[in-house]
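2 protein chains.
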Amino acid sequence: MLMCTAVQMKRRAGSAEPVEDGTCKVDFVDEVAVASVRRKLPSADVIQAVADRFDVLSDPTRIRILFALGLRELCVCDLAKLVERSTAAVSHALAAMRKAGLVAYRMDGKLAYYRLEDAEMRRLVTNAFAREKDAA
Amino acid sequence: MLMCTAVQMKRRAGSAEPVEDGTCKVDFVDEVAVASVRRKLPSADVIQAVADRFDVLSDPTRIRILFALGLRELCVCDLAKLVERSTAAVSHALAAMRKAGLVAYRMDGKLAYYRLEDAEMRRLVTNAFAREKDAA
Numbered sequence: 001m002l003m004c005t006a007v008q009m010k011r012r013a014g015s016a017e018p019v020e021d022g023t024c025k026v027d028f029v030d031e032v033a034v035a036s037v038r039r040k041l042p043s044a045d046v047i048q049a050v051a052d053r054f055d056v057l058s059d060p061t062r063i064r065i066l067f068a069l070g071l072r073e074l075c076v077c078d079l080a081k082l083v084e085r086s087t088a089a090v091s092h093a094l095a096a097m098r099k100a101g102l103v104a105y106r107m108d109g110k111l112a113y114y115r116l117e118d119a120e121m122r123r124l125v126t127n128a129f130a131r132e133k134d135a136a
Numbered sequence: 001m002l003m004c005t006a007v008q009m010k011r012r013a014g015s016a017e018p019v020e021d022g023t024c025k026v027d028f029v030d031e032v033a034v035a036s037v038r039r040k041l042p043s044a045d046v047i048q049a050v051a052d053r054f055d056v057l058s059d060p061t062r063i064r065i066l067f068a069l070g071l072r073e074l075c076v077c078d079l080a081k082l083v084e085r086s087t088a089a090v091s092h093a094l095a096a097m098r099k100a101g102l103v104a105y106r107m108d109g110k111l112a113y114y115r116l117e118d119a120e121m122r123r124l125v126t127n128a129f130a131r132e133k134d135a136a
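Listed in order, the protein sequences are those of chains A and B.
Each residue of the first sequence is one higher than the one before, counting from 1 in our numbering.
Each residue of the second sequence is one higher than the one before, counting from 1 in our numbering.
In isolation and in its complexed conformation, chain A is listed as follows (with noise of 0.2 Å):
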């Protein structure tokens, strides 16, 4: 195991006791435990669905996006000057958060208004800000 070999070449330069790095020091698997875990796994299908999701949240015009819409309802056009990309783009990037349940949008005469999709959505938000606020 790579990790046992690191941990013993560690030793072997003089550290008394193995470094506290996150891994196992021995290969021990829980049988019993990984089969319960592994009957309750969802199907490849739905996992990679909600990676597809997080996917949808990698990149900084939509995180910006979805800021904005914590704060308040906005139009295309507002984002759009807001983010300072074309309104065809930030169309574009709505189309991929409304597609993954991120945001929804109401047709106010000729101007579509964006909001966060619902609650769990705001929270996630909020908390995802909130963490990088502690961290700073």
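The hints are simulated quantities; they were obtained by calculation from the structure and are not laboratory data.
Beta carbons are placed, not taken as given, at the ideal position from N, Cα and C, and that holds for glycine.
Each hint should be verified, as a subset may be incorrect.
[To be verified] Just a few of them, taken from the derived set where beta-carbon distance is under 8 Å, the chain A residues facing chain B: (1) 60; (2) 78; (3) 87; (4) 91; (5) 128.
Here the structure of chain A is known, so what remains is to put chain B in place on it, guided by the hints.
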């Protein structure tokens, strides 16, 4: 504006009403609203850090690990067995997830047991899968 052109084309093609596709049909910016939100936007560094955190989650193996840790605490060896990856690969994934504040660990003798970082992460994971179930 690209979208207006598309709507006009649809109208010319015989559709009486513009299609509600989530785009603004006119270009109208609420400058006061945009200025107000812009003042509150976090710095580019903070935005990028949040996007990076979500990027860590945009991988199926990491989502599998998160789902498993949502069920119970597991050591690195258990997780490697569960997701059918090497312990080195799983350790690498866990280190990235720790750095992003998603998971935490405790040493129990020579084994490193991982859990979700906090209740917010638990809600995020539960909710991500709940939505997927709704959509199925």
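Taking the least C-beta to C-beta distance, is residue 78 of chain A closer than 8 Å to chain B?
Check passed: Cβ of residue 78 of chain A comes within 5 Å of chain B, closer than 8 Å.
Can you verify the interface hint for residue 91 of chain A: is its Cβ closer than 8 Å to any Cβ in chain B?
5 Å, holds
Residue hint residue 60 of chain A, partner chain B, criterion CB-CB below 8 Å:
Cβ of residue 60 of chain A sits 5 Å from chain B, so the hint holds.
With chain B as the partner, please determine if residue 87 of chain A meets the hint condition of a C-beta pair closer than 8 Å.
This hint holds: residue 87 of chain A lies near chain B, its Cβ roughly 6 Å from the closest one there, short of 8 Å.
If you take the shortest Cβ to Cβ gap from residue 128 of chain A to chain B, is it below 8 Å?
Constraint on residue 128 of chain A satisfied, holds at 5 Å.
Figure legend: structure checked against the earlier numbered hints; every hint is met.
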